[in-house]
Amino acid sequence: MKAELSARMKVTLYGLLCVLLIPFVFPTWWMVTSSFKPISDIFAFPPQLLPQRYDWTTYSKVFELQPFVQQYWNSAYIAAVVTIGTMIISSMAGYAFARIRFPFANTMFMIVLLGLLIPSEVTIVPLFQMFLQAGLVNTHWPLILVPMFGAPSIFATFVMRQFFVTLPVELEEAARVDGLGRFKIFVRIALPLAKPALASVAIFTFLHSWNLFLEPIVFLSSAEKFTLPQALTQYTDAYGGPMWNIQLAAATLTALPVLIVFIIAQKQFVEGLAHTGLKG
Amino acid sequence: MAVAQDHVPSDARSTSPFWTVARRDSLAGFLFIAPQLIGVIVFVLVPLGLVFWYSLHEWNVLANTFTYTGSENYRMLLSDPSIVRVLGATAIFSVGLVIFNLSLALLLAVLLNQRLPGITVFRTLFFSPVVVSLVAWTIVWGFLLQKNGGINGMLLVFGMEGPNWLREETTAMISVIVVQVFKNVGLNMILFLAALQGVPKELYEAARIDGAPPFKQFRRITLPLISPTILLTSIITIVGSLQVFAQIAVLTQGGPGLSTTVLVYYLYQQAFQFHFFGYGSTLSILLFVIVAVLTFAQWQMRKRIVFYES
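Keeping their order, the protein sequence lines are chains A and B. Residues in the first sequence are numbered consecutively from 1, following our numbering. Residues in the second sequence are numbered consecutively from 281, following our numbering.
One or more of the hints may lead you astray.
[What the hints assert, rightly or not] Every beta carbon over 10 Å from chain B, so not counted as near; a handful from chain A, in silico: (1) S60; (2) L136; (3) S222.
[What the hints assert, rightly or not] In silico SDA-like links for lysine to any residue, alpha-carbon gap of 20 Å or less: (4) A:K61 with A:I39; (5) B:K427 with A:P23; (6) A:K184 with B:T300; (7) A:K195 with A:V261; (8) A:K10 with B:V401; (9) B:K427 with A:L49; (10) A:K184 with B:R303; (11) A:K267 with A:F206; (12) A:K10 with B:I399; (13) A:K267 with B:A474; (14) A:K267 with B:V401; (15) A:K10 with B:L396; (16) B:K427 with A:P38; (17) A:K267 with B:Q394; (18) B:K427 with B:G535; (19) A:K267 with B:I399; (20) A:K225 with A:F63; (21) A:K184 with A:E170; (22) A:K267 with A:A202; (23) B:K427 with A:P46; (24) A:K184 with A:L171; (25) A:K225 with A:L65; (26) B:K496 with B:Q477; (27) A:K225 with B:F552; (28) A:K225 with A:T139; (29) B:K427 with A:F43; (30) B:K427 with A:T236.
[Stated by the list, open to error] Not everything, but these chain A residues come out facing chain B in the computed CB check (under 7 Å): (31) L21; (32) P27; (33) W30; (34) F45; (35) A93; (36) F102; (37) L117; (38) P126; (39) V146; (40) G150.
Bear in mind the hints are in silico, worked out from the structure with no lab data behind them. Quick reminder that beta carbons are idealized off the backbone N, C-alpha and C, glycines included.
Please put together the full structure from these sequences, using the hints given.
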C-alpha cells in the first residue's frame, strides 16, 4: 500500500482530500467571517464567503451583553484546575496500579474501572442533590470535582497505568538500591519519563472540561458563574432567537485560542494521542 | 535460655523492623491510589447507589414529595408512550454515528497513510474540529443549517432548494449525526492511522508478489491486523454517542416532535425541566444498563472478531 504513487494518482488523491476537507474547515471559516458581518448581511444571498461590509461592533457587544471576561476566566481556571488535578491523581494511581504490589490491588483496580461504565450523565440527579445539600449549587465545585474524580479521570488513570506498565523496571530498581523511597522514585524517575502520556492526559482532560455543557446548565444559575459553552447560548434577542453575528463572535473568541495553540503544537498533540496508552 | 529468647525478637526487630520494604510499599500503594479510589466511591459509586434508591421513589422537587413507591417508576417507564420513540431516536443516533464515524475515520486514515508531500497539513486540518469548542462548533453548524443559512444558500447557487434541515424529522436526525461526526472523527482517524502504521510492510509485499489486488490486501491483511483498534474505537464511540447532550440542546432541543430526543436529553428534561427526580433516576438506571450491556457485549465480541492483540 506504500508503493510509489503515479502522478495521476497523486493529483486524484489531493483532489479527494481537498473535497473531504470542506466540512472540517469551512465551518470554522464561516464562523470567523460571519462574526464580522452586520446582522442584515448574515443571511445574504448569494452567501458571502468574505464579508462585503464589516461590523466591528459585534465584538464589543459580546462583552456588553454578558460578563464575558469573567465567563472566559471561569472556563479557563476550571479547566486548568481539573487538568492539573487529574494529572496528579491519575499519574499516582496509574503508577501504583502498574508498579506497586499491595493487597487487594486488583480488586481496587476493578472498582476504579467500574467507574468508567458510569458517565456523569447517569448520576447527575444524585450529584445535584449531593451538591445541593452541601450548599455548593451555583458554585464551580461540581464542575471541578465531578470530572476530576469521575469517568474522565478514571480514563486518565487507565492511560497512565498502561504507560507505566511498559516502562523498564531496571531504572527504578537501581534507584531502590540507592535507597530511594517510593515517592521519590515516582517523582524523580517515573514521572519525568511519563511526559508523553501526561501530555495526552492533559489534552483529553482539558478538552473535556472546556466542552462541559450538561453540568454547567444543571449546576449554575447566575451569569457571572457561567462557563463559556453555556454563555455562548445566551446571546439571544427578546424573542429567544439567537443574535447570530454576536453569538458567532463569542464562538470565535472561544474557539480560536485553543485552535491556534493546537496548530502551533500539532505534532506533539496528534502524536501524543496516537502513541500513548490508548494503543495498549 | 531466657536471655537467648529475649535476644531473638530484638534481633529480628533490628534486621527486619515493622516497616519492612514490603509493608512500606503496601502503604505507598494505598496512599497513591487513595485520592482516585475515594473520589470514585464518593462521586461515582455512591451516586450510582443513590440513583437506584431514588428510582424507587416518587419525587417531585417542586411539590416537595418523596415517597417510596417500589417499582412504580419502572412500571411507568414501561407504559411511557414516549420511551419507545426516545429509545428509537437513541438507537438511530448511536448506530448512525458509529457507522458513519468509523467508516469515515478509516477512509481518512487510509488516505493519510500515503507518502505524499504536505500530508501532515491535511492531517492537522482533519483533526482541527476536535479542539474547537463543542458548543461553538454546534452553533456555527446550527447557523449553517438554518432554512436560509449557508448550506441552503450554496445549494441555491447551484439551483437546488434545500430542506429546513433542523425542522424536519429525518433531516434533523441526519444533521445532529453529521455535526457530531465531523467534530470528533479526527480522534478515531488518528488512532486508525497509528494502527495502520503498525502493520508490517512485508505482509503487503508478500501479498503483492502473490498478486493480491489492493482491495483484497485491505480486507485480508489490514482489517484483521487493525481489528483491536476497530474494537477500541467502536466502544469509545458508542459509549460517547450515548452521552450526547450539548448538540441536541443547541441544535434541535429534541425536536421536531421527539425525533431527536435521545435518552440523556429526555432524562435531563424529566429531571431538571419537569422536576421529576424519581422518574429521572429511573431513566438514569436505564442509561446505565444500556452502557454496561453494550460495553460488556463488545468486550465479549473481542474474542470473536479480533484476530490479533498486541
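Handout entry: Index of numbered hints that the structure contradicts, given in increasing order
Key = none
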